[in-house]
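Based on the hints, put chain B in the right spot on chain A.
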Amino acid sequence: MSHEYTDAHLQRVLAEDVRIAELGIDVIVSRDDTIVLSGQVESADRCQAIEDRVREECPDCRIVNEIVVVSTDPPVRAEELS
Amino acid sequence: VIRVAAVGDVHLDEDVVGRFRPALENLPEQADVLLLAGDLTRHGSAAEAECVAREFGDLAVPVLAVLGNHDHHCDEPERVVEILTAAGITVLEGTSTVLTCAGGRLGVAGVKGFGGGFAGRCASDFGEPEMEAFVRTTNESAEALGKALRGLDCDLLVALTHYSPVPDTLAGEPLEIYPFLGCYQLGQAIDSAPTALALHGHAHHGTERGTTPGGVRVRNVAHPVIKQAYSIFHLGDHLVG
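One line per chain: the protein sequences are A and B, in this order. Mapped onto my numbering, the consecutive letters of the first sequence carry residue numbers 1 to 82. Mapped onto my numbering, the consecutive letters of the second sequence carry residue numbers 1 to 241.
In case anyone wonders, no lab produced these hints; they're calculated from the structure. We put the CB at the ideal spot given by N, CA and C, even for glycine. One thing to keep in mind: the hints can contain errors.
[To be verified] The calculated label-pair distances, taken between Cβ atoms and stated as ranges, are:
#1 B:Arg121 <-> A:Ser71: 32 to 42 Å
#2 B:Thr85 <-> A:Val18: 23 to 33 Å
#3 B:Gly215 <-> A:Glu16: 33 to 43 Å
Chain A on its own, in the form it takes in the complex (with noise of 0.2 Å):
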């Protein structure tokens, strides 16, 4: 399977699997094997889900997980729209 194939069925199986449901990961898989997944989540446990799932579906990558969690920080200040 070519690599862009590859790349559209990792992404579909990160939104389509209920167990990820996530639409926002960017995928790219290089000419050798290596797996980079990137984008922001909710929790570091959906973070880990989706690499694992990558893992179950491509076992012969090198996969790297550059997700990461998105802040719930306060804001700092208002936007003024007057």
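Frame of chain A; chain B shown alone:
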């Protein structure tokens, strides 16, 4: 001045409960209302809606919401609305509400909205029944928003959607998926009323700021875009208070 707090795409489930709560504790000092711009849950299940109710219910300010595409995945949006409503969260879908704030009467009209694309690069109500149904959903949603906005009697008008009404706030997303992220008809509806601010979510890779062709400020408050628990907007400094 009327102070509006907003966030979208919080995708609640058990693993997220409690994350927003510390930032929400001080909300009454900072805002008159909290608006939730859809994708409150991961799949739209009753259990996830209960998580939203726990996280965003029982706040000292009114909470208004629209649903997003994720909130429809389990095909039980009515159940989600029921649970949120029981927790005191008002869910808008082609409907509106007026809140009396210290700074004046704030009117909020909301719909989930839908995709379709933007002027000159959009889908048409033509051809296969599936395509016609897609575009009719877009049209009906935008018409409902326009009607709700125009029907409001208030000092300051805010439109709340999940899908984007403009392409500006999608910058950062691949161009190819714009038709799945919003539609120009929502912008047209927003411009059909004296709207002061339009808030939406859905585009996680988008950008915060945009403007409709009619000059209405648009803000993408998707959580991955604002990267904080919520954003706050101060509006209507011409108003007393």
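Hint by hint, here is what the structure shows:
no. : hint                             : in the structure
1   : B:Arg121 <-> A:Ser71: 32 to 42 Å : 34 Å, holds
2   : B:Thr85 <-> A:Val18: 23 to 33 Å  : 25 Å, holds
3   : B:Gly215 <-> A:Glu16: 33 to 43 Å : 39 Å, holds
In the structure shown, no violation is registered for any of the earlier numbered hints.
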